[in-house]
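Since each chain sits alone in its own frame, please combine them into the complex, following the hints.
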Amino acid sequence: MGKMIQAIADKALLQKIPWGVQFDLTMRCNELCVHCYRVEESRPELTTEEVYAVLDQLAAAGTLYLTFSGGEVLLRRDFFAIVERARRLRFDVRVKTNALLVTEEIARRMVELGVSQVDISVYSLDPERHDGVTLNPGSLRRTLEGATLLQNAGMRVRLNCPLMQQTVEGYQALLEWGEARGFKVSFDPTITAKSNGDPAPLQLRISRDQPCHVLRHPYFHSAIFPSEAPPTPAAPDPADEIPCGASHSSCYVSPYGDVYPCVSMPIPCGNIRQRPFLEIWQRSEEMLRVRSIFRKDLPHCRTCAVADHCSRCPGMAYVEHGLLTGPSAAACQQACVKALLSDTFVKMEVHDAATASLIRQSPA
Amino acid sequence: MSDRYPAQNPRVAYRVLDGSAVLINPDDSTLYTLNPVATRIWELADGQLPISEIARRLYGEFQVEQEIALRDMEAFLQAFQEKGLLSLMDHPPETLHG
Ligand code: SF4
Ligand code: SF4
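Each protein sequence line maps, in turn, to chains H and S. Start counting at 1 in the first sequence, then tack on 6, and there's your number in the numbering used here. Start counting at 1 in the second sequence, then tack on 130, and there's your number in the numbering used here.
Isolated chain S, as found in the complex (with noise of 0.2 Å):
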């Protein structure tokens, strides 16, 4: 996976609670809880960050080996764009938009 930008779906519904992002797909009403790794990751997705960067923060606080972070992190996002919650782009937002 090239070094590209994950963005949360805007449609999607979501609360952290209690360190867990709890999701609701209203489009398909499915819920989801994800660990708290994985609910970093999601906070994280906001187009701005690209898929390295990511890595090297959740490195720096869950002390997971770079590259684990790395290969966990590309399966998580590869599922959760398959779901339709969020989109990895080539470029952030405003690079697009000039």
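Looking at chain H on its own, in the form it has when it is part of the complex (with noise of 0.2 Å):
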């Protein structure tokens, strides 16, 4: 992350500002993705007059970064009157989106009303692969379509994989491809719960049978690793005393107006039907006790030897072992193989990249 964005980044963390939001608009989708954390509800989904409440609401609450996921955003009729508003209350507006529905015209309304990024899901160059993720016969070639109408366009283009079984084996065609074309591509190995705290997805993680493999359970570090100190020096910046930003400049926002710290932690905290968000933010319970935990509250991390190479997700902590204070099993599993792998081989700037390369050496 630049010096900059940084140092902004801290200061939302510090005043408790809601700098980053994603903003579900539905979780209607016409992909059945085998990983996917959607449940839909019988609740209705916000309406558009909500809907806008919600960004005027976030607006007024400071937040900037604004990314519309869902499901599918483009199923709603509504969803270019949702982004016009959006960009008229100045927010900087993401879209998450498998580009099925992309056409010419979409593309160029996207361009035209100041997206700053689309997010594709390419989960393989593979057809077979991957419209085996998304049980979508076809899926590939019209999303890749969509993508490259949206690049035309002049629409910078993200295509995301997650790294999981399904995945793992293409991920360096996907890259290849990708970056000749102009896509930036990222790989990331965290696979989200059901929205409803159902783990089922997670089974669907990369495991592949590790140098370490001992050290697969997270509670063996400290003993294989013994370690006299915390690893981690006390440092200024305020981001390396909090587990991460959910619940301190960021937070998620359901279609069913549930407020949650982050996609990944399915702790509702309260619902904008029935509390503006706000006050949901500053003053619910379940917020503000996620908001009080500091890494040294984290018992078996404070003290973890390969604390260095781990990103941890306390979101996934607790979805794993229903703890918010916990190690996380995926997290532990990574950076113990990091760990012994990180002489020999080549630690990339992006995290997505250096588990990437991680996997790549990690003998099967």
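I should point out that these hints are in silico values taken from the structure, not numbers from a laboratory. Check the hints yourself; a few may be wrong.
To be verified - Taking lysine-lysine and the DSS-like style, the derived pairs with C-alpha atoms no more than 30 Å apart in a straight line are:
#1 H:K302 <-> H:K200
#2 S:K213 <-> H:K190
#3 H:K200 <-> H:K190
#4 H:K302 <-> H:K190
#5 H:K200 <-> H:K9
#6 H:K302 <-> H:K22
#7 S:K213 <-> H:K17
#8 S:K213 <-> H:K200
#9 H:K17 <-> H:K190
What follows is the structure, encoded as structure tokens:
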């Protein structure tokens, strides 16, 4: 992260401004991705007017970065009216879509409205594998067409590939293909539990027999890597003292109006239909509970020897073990392998690439 | 610079965080942070106020010499116009549209 961006993020974090918000506009989707977190409920989704009210409240609360996601956002008839409203409120708007419905006209409108980036999920360049994740035959072809239409219209497009069992084979080909065509490409090993807390998608996470398979168990760390002192020296950066930005400078709003600290942390803090956003953000018991946890409160992680290699997600830790202060098995596994391989693999700046590199070098 | 009317480019995303405006130009994803004086100029650049009036207000609010305020502001506005973050109009929009 650039210094300036870091300084701004720190400021938002210290002042508890919900600087970045993911707002899912619908749980409906035209794909049925096997790892997806969405759960359609019988409650009605927010109406256009209700979405507008949320946008007004987020703008007043100081949110700058707003990501519209879902479900598939383009299934909402009022999608462009919502984006227009958001842009008028001067948010920096990003959109996550599977791009199946993108046409030349839609691509042009996104650019016109000043959407700053469109994120598109691609799972593989192999149609069988990609469509095997989306359970929608022909989806790879249409998704890549949509991505190209957006790019041709002048949009910044990022192809996102979650790293999981189905995608781990083909990530290198996707990276090369995307970069050769001027797309940003990103890989993320984080697979989120379902929005109702069901951890089923986590089974799809990458799990390779690693050189240190005994270390997979989160509680083995300190025994195998005895650590005298906390590994991370006290740093002045406030971001170093908290587990992550969830509840401090970011949160998630569901299509039903529920507010969560993060899309990966299924802890409902209140519903916008019942309480104003700011009240939930500033006063909900659950939000304040998440916000009260500092790194020093994490009994295992505090003294963990491989913490420097770890990108623990508190939401994941919560889903895995029901504990916001516990280790996350997924993070432990990755951190241990990274630590062991750290002398041999070239560390890349980007976390995703580092993980990719890790997997490449990890013996099967 | 004649007495023109600075108007923010409405495509620019921004929020004021702790007295400093954070701007993002969606067309090139550039991020800017403004100091408090520049933030005030940015906020007043609504297309309705002429440069002289903005300078007068800055003088009142920040105790800057009006001449210095005007000079610094012109440099700022010029730079921001070149970056496509605002435009300098000869008339406020109402006048243009009758
Ligand atoms: S680390 Fe996990 S809980 Fe925290 S913001 Fe990231 S995804 Fe959300
Ligand atoms: S989650 Fe990370 S910091 Fe915590 S014990 Fe596991 S490897 Fe260590």
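Hint check results:
1. Under the criterion of a C-alpha separation no larger than 30 Å, the hint pairing K302 of chain H with K200 of chain H is consistent with the structure, at around 29 Å.
2. Of the supplied pair hints, the one linking K213 of chain S and K190 of chain H holds, its CA atoms being roughly 24 Å apart against a limit of 30 Å.
3. Restraint check for K200 of chain H and K190 of chain H: the C-alpha separation of about 27 Å stays at or below 30 Å, so the hint holds.
4. Restraint check for K302 of chain H and K190 of chain H: the C-alpha separation of about 36 Å exceeds 30 Å, so the hint is violated.
5. Of the supplied pair hints, the one linking K200 of chain H and K9 of chain H is violated, its CA atoms being roughly 35 Å apart against a limit of 30 Å.
6. Between K302 of chain H and K22 of chain H the alpha-carbon distance is near 19 Å, which keeps this suggested pair within the 30 Å criterion.
7. Distance hint between K213 of chain S and K17 of chain H is fulfilled; the C-alpha atoms sit about 26 Å from each other, no more than 30 Å.
8. Under the criterion of a C-alpha separation no larger than 30 Å, the hint pairing K213 of chain S with K200 of chain H is inconsistent with the structure, at around 44 Å.
9. A C-alpha spacing of about 28 Å is found between K17 of chain H and K190 of chain H, which places the hinted pair at or below 30 Å, so the restraint holds.
Checked against the numbered hints above, the structure breaks hints 4, 5, 8 and satisfies the rest.
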